[in-house]
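Participant: Just so you know, the protein sequences line up as chains A and B, in that order. The numbering of the first sequence is our numbering, which starts it at 1 and goes up by one. The numbering of the second sequence is our numbering, which starts it at 1 and goes up by one.
Just so you know, not all the hints are guaranteed correct.
[As the list claims (entries may be wrong)] Simulated restraints, written as ranges between beta carbons of each label pair:
id : chain 1 : residue 1 : chain 2 : residue 2 : range
1  : B       : Asp27     : A       : Glu181    : 50 to 56 Å
2  : B       : Thr258    : A       : Leu194    : 41 to 47 Å
3  : B       : Pro329    : A       : Ala249    : 51 to 57 Å
[What the hints assert, rightly or not] The calculated DSS-like cross-link candidates involving lysine-lysine, where the alpha carbons are at most 27 Å apart (straight line), are:
id : chain 1 : residue 1 : chain 2 : residue 2
4  : A       : Lys140    : B       : Lys201
5  : B       : Lys365    : A       : Lys46
6  : A       : Lys57     : B       : Lys223
7  : B       : Lys223    : A       : Lys191
8  : A       : Lys26     : B       : Lys36
9  : A       : Lys140    : B       : Lys365
10 : A       : Lys140    : B       : Lys198
11 : A       : Lys191    : B       : Lys198
12 : A       : Lys46     : A       : Lys26
13 : B       : Lys196    : A       : Lys140
14 : A       : Lys32     : B       : Lys223
15 : B       : Lys36     : A       : Lys46
16 : A       : Lys140    : B       : Lys303
17 : A       : Lys17     : B       : Lys223
18 : B       : Lys36     : A       : Lys124
If you are wondering where the hints come from, they were derived from the structure by calculation, not from laboratory data. Even for Gly, the Cβ is constructed at its ideal location relative to N, Cα and C.
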Amino acid sequence: MSDRPFLVLGLFEDATKLVHAIRALKPAYGEKLEAYTPYPIHGIEKELGLPKSHVGKIVLTLGLSGLTLALGFQSWVFTTDYQIQFGGKPYFSWASFVPIVFEVTVLLACIIGAVFGMLVLVNKLPHYSHPILSSRSMPKITRDRFALAVSVDTAEEATAAEAALRQAGAPETELVHGTDELGSGPLLPLKPVLATVILCVLAGLGTWHLQRLWNKLPLISIMDEQTKVVPFRANGFYPDGQSMRQAVAGTVARGAQYVAWTSPEEAGTMLSNPLAADSVVLARGRRQYETHCLVCHGQLGDGKKLLSDKYTGAPANLHQARLKEAPDGHFYAVISAGKNTMAGYGKDIPAADRWAIVHYVRVLQRALDASDADVQVAASRPVAAVGTQGGTH
Amino acid sequence: MSHEAVLAEIRPKPLVVGEVSLGAVDDAVYAPMESKPPLAWWVALAFTSALMLMGFALIGYTFYQGIGVWGNNDPVFWGWDIANFVFWVGIGHAGTLISAVLFLFRQRWRNAIARLAEAMTIFAVMCAAIYPAIHVGRPWFAFWLFPYPNQRGMWINFNSPLAWDVFAVSTYFTVSLFFWYVGLIPDLASARDRTKSKVQKAIYGALSLGWRGAARHWNHYEKAYMILAGLATPLVLSVHSIVSFDFATSVIPGWHTTIFPPYFVAGAVFSGFAMVVTVLVFVRKIMRLDHLITMDHMEVMNKVILTTGSIVGYAYGMEFFIAWYGGVPYEHYVFMNRATGPYAWAYWTMVSCNVVFPQLFWFRKIRRSIVAMFIISIFVNIGMWFERFVIIATSLHRDFLPSSWGYFRPTLVDMGIFAGTFGLFFTMILLFSRTLPVIATAELKAVLPGAQPGHGGHHE
Numbered sequence: 001m002s003d004r005p006f007l008v009l010g011l012f013e014d015a016t017k018l019v020h021a022i023r024a025l026k027p028a029y030g031e032k033l034e035a036y037t038p039y040p041i042h043g044i045e046k047e048l049g050l051p052k053s054h055v056g057k058i059v060l061t062l063g064l065s066g067l068t069l070a071l072g073f074q075s076w077v078f079t080t081d082y083q084i085q086f087g088g089k090p091y092f093s094w095a096s097f098v099p100i101v102f103e104v105t106v107l108l109a110c111i112i113g114a115v116f117g118m119l120v121l122v123n124k125l126p127h128y129s130h131p132i133l134s135s136r137s138m139p140k141i142t143r144d145r146f147a148l149a150v151s152v153d154t155a156e157e158a159t160a161a162e163a164a165l166r167q168a169g170a171p172e173t174e175l176v177h178g179t180d181e182l183g184s185g186p187l188l189p190l191k192p193v194l195a196t197v198i199l200c201v202l203a204g205l206g207t208w209h210l211q212r213l214w215n216k217l218p219l220i221s222i223m224d225e226q227t228k229v230v231p232f233r234a235n236g237f238y239p240d241g242q243s244m245r246q247a248v249a250g251t252v253a254r255g256a257q258y259v260a261w262t263s264p265e266e267a268g269t270m271l272s273n274p275l276a277a278d279s280v281v282l283a284r285g286r287r288q289y290e291t292h293c294l295v296c297h298g299q300l301g302d303g304k305k306l307l308s309d310k311y312t313g314a315p316a317n318l319h320q321a322r323l324k325e326a327p328d329g330h331f332y333a334v335i336s337a338g339k340n341t342m343a344g345y346g347k348d349i350p351a352a353d354r355w356a357i358v359h360y361v362r363v364l365q366r367a368l369d370a371s372d373a374d375v376q377v378a379a380s381r382p383v384a385a386v387g388t389q390g391g392t393h
Numbered sequence: 001m002s003h004e005a006v007l008a009e010i011r012p013k014p015l016v017v018g019e020v021s022l023g024a025v026d027d028a029v030y031a032p033m034e035s036k037p038p039l040a041w042w043v044a045l046a047f048t049s050a051l052m053l054m055g056f057a058l059i060g061y062t063f064y065q066g067i068g069v070w071g072n073n074d075p076v077f078w079g080w081d082i083a084n085f086v087f088w089v090g091i092g093h094a095g096t097l098i099s100a101v102l103f104l105f106r107q108r109w110r111n112a113i114a115r116l117a118e119a120m121t122i123f124a125v126m127c128a129a130i131y132p133a134i135h136v137g138r139p140w141f142a143f144w145l146f147p148y149p150n151q152r153g154m155w156i157n158f159n160s161p162l163a164w165d166v167f168a169v170s171t172y173f174t175v176s177l178f179f180w181y182v183g184l185i186p187d188l189a190s191a192r193d194r195t196k197s198k199v200q201k202a203i204y205g206a207l208s209l210g211w212r213g214a215a216r217h218w219n220h221y222e223k224a225y226m227i228l229a230g231l232a233t234p235l236v237l238s239v240h241s242i243v244s245f246d247f248a249t250s251v252i253p254g255w256h257t258t259i260f261p262p263y264f265v266a267g268a269v270f271s272g273f274a275m276v277v278t279v280l281v282f283v284r285k286i287m288r289l290d291h292l293i294t295m296d297h298m299e300v301m302n303k304v305i306l307t308t309g310s311i312v313g314y315a316y317g318m319e320f321f322i323a324w325y326g327g328v329p330y331e332h333y334v335f336m337n338r339a340t341g342p343y344a345w346a347y348w349t350m351v352s353c354n355v356v357f358p359q360l361f362w363f364r365k366i367r368r369s370i371v372a373m374f375i376i377s378i379f380v381n382i383g384m385w386f387e388r389f390v391i392i393a394t395s396l397h398r399d400f401l402p403s404s405w406g407y408f409r410p411t412l413v414d415m416g417i418f419a420g421t422f423g424l425f426f427t428m429i430l431l432f433s434r435t436l437p438v439i440a441t442a443e444l445k446a447v448l449p450g451a452q453p454g455h456g457g458h459h460e
């Protein structure tokens, strides 16, 4: 801190005496006067000739910025970047933007405008090195004394100012040395501030490294582990240690029928086709055949598969004599339960559709081995009657 | 009556009891910060912090197990968590109302109690903010509530009152905190200059930003403070209005009413003032501040409680009237169910605590009795908690579809977390009362007799 004379303080006991002293010294010192008081004194700004505070303009600017920012941002999101309809309202439904616009306006106006603007931009705080802070008078000023300060540059000026303050009724005066340039003196709380910053950095680094463990913690596994049955997982709840359960013997699935037969041959003796072979059923059967059967048994049911030769299985030729003679129930059973490498389709094709397929297979068998009479009958009818339009089952 | 006697009658009453000098205000207010706390303080702190830790432990348990450990379940998905959130946000309304609204109305009596009320606001909003964060189910994703550019390419729904709530509560907390801090700066400078401890000097010195009480600074400071008060006033009204939108914009019978915003705000002020009275009764006695926080202060607070309590009572009546007059059978059923259904016990607790007991404050004797006002303030706290519970539980437990009706019961975890927030609140109050000035000394000194320049000395 320099030893240059800086301020002369005169301490007064009450606000009225301070105001009188300001009036007495104002003509001689003018702009060089400053008052330091424990609380705001009404009208003192007029006595000192201070200009009106312009904090209001800063707040207004920030408030309008907040308003524009919030309204613009919400409008951009919902009209341009993220068009989603909510409750049938237009994308630009300004009324529902109002609450957030209001909050952001107030936030910016208060925090950046009024608080930051007043403290930092206008009052140039924090300023820990102002000479008056280390003066004898400061504790009295923040308690119950009212100081009138005169800026001085030389020892002579200081003596004159001290005399003027005494004459104005100050029982006590103090000469303060130093300069008020920011950072010129020792920054009062330098060490604690530094310590806090270092602690914050360390805590931040520590947290950064810890958070990488976050997902691995058994506590916070983002609900990966839940006490519920997961298919194909071990499960200690059941005696066999498996999650998935076998159906109870004799269970019939919803929509399925109880099956009494155990082989296609048996089914052939037990079952008969419940559907009449009309055009609707045949159309249905053709559609189901082409969906499920055609790829292996071929367009005509002759076992010429559409699969590549890499598939070495040999689908049955439906025109062989054994199958021509087989009853409908035989086909139904094979479709339902499968045979050899053929899987059962009972779960995939409803029972009525399976019977429709059987009818269609009969059509194929007859068509490939048609007699002259059959050809004449077919030629006399429109072919389009058997189409791919779906029927009911 | 003589001229002088008339003047004495109409002149504003002094805001403190007896002759109090400027220095004596400091001596009284800063004494707790400069002495070792008494044993009773340590006992109280041990109790409240144990309660707080229990709450945090139960929140940890909730994170571990999921929110299935709470009573929330179909159809009451909002249970104690949201009731407690609304309750604490409501408590947080007194501080800003006292510091901002009463400041604008030039109610000078506010100066003695504003600091404590503002601190309570901040602590209450801290308690409140816990609940939405833990209610979201996966609290580690709570930051998804804020709009930020993300890889999911999504934005939050700005049309949703729940998003408005995030902005309202976080803005309210930030503004309250800084409003409080701006008021604290001159007092922190006093603390800095008074203290003998090096550590305290460094802390108060850093926080006071090198405040030196210059007239040029006061000039801007006062302007900024008035602007803050002006902006905080609509803010405080907006917060609970927006909280009420969470309910009012839904189509649930009993929630879908236009009376909710003003009704919530009045209720918030009501509960907030009750909590301030509850705390002040102890603070002024234990900290020997009863000559600064006078019986007149308490009486005015009780008048505010009476007024807002009557507004709340009117709202209860009006809700019923509209439910009948509106002719919607669901609405009609919900209100009848409130008063006579399975939650009737909660409803009538609410009505008696909020509407009946505060009416005793019509009597001056009761307004000025410490015991009476303490008991009534506790009743109001209970009643206002029940109001939030009744609104949430009765509307949700029976809505349009009778097959999904149910009954909400809290679990021990629910209760423990709620008790924990009380622990947090009172722990913060206890720490605050020994580390920061509980009365805004700079503001109080400015309204003492003779504090402002004048001819007679005793000019307001």
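Participant: Now look at each hint and say whether the structure bears it out.
Facilitator: Against the structure, the hints come out as follows:
1. Asp27(B) <-> Glu181(A): 50 to 56 Å: 36 Å, violated
2. Thr258(B) <-> Leu194(A): 41 to 47 Å: 56 Å, violated
3. Pro329(B) <-> Ala249(A): 51 to 57 Å: 52 Å, holds
4. Lys140(A) <-> Lys201(B): 16 Å, holds
5. Lys365(B) <-> Lys46(A): Violated - the C-alpha atoms of Lys46(A) and Lys365(B) are around 46 Å apart, more than 27 Å.
6. Lys57(A) <-> Lys223(B): Holds, at about 11 Å.
7. Lys223(B) <-> Lys191(A): Violated, at roughly 33 Å.
8. Lys26(A) <-> Lys36(B): Measuring from Cα to Cα gives roughly 47 Å; hence the hint is violated.
9. Lys140(A) <-> Lys365(B): 42 Å, violated
10. Lys140(A) <-> Lys198(B): Holds: Lys140(A) and Lys198(B) sit about 19 Å apart, inside 27 Å.
11. Lys191(A) <-> Lys198(B): Holds, at roughly 12 Å.
12. Lys46(A) <-> Lys26(A): 11 Å, holds
13. Lys196(B) <-> Lys140(A): At roughly 15 Å apart (the allowed maximum being 27 Å), Lys140(A) and Lys196(B) satisfy the hint.
14. Lys32(A) <-> Lys223(B): 23 Å, holds
15. Lys36(B) <-> Lys46(A): 44 Å, violated
16. Lys140(A) <-> Lys303(B): 39 Å, violated
17. Lys17(A) <-> Lys223(B): Given pair Lys17(A), Lys223(B) holds - Cα atoms ~25 Å apart, limit 27 Å.
18. Lys36(B) <-> Lys124(A): Measuring from Cα to Cα gives roughly 36 Å; hence the hint is violated.
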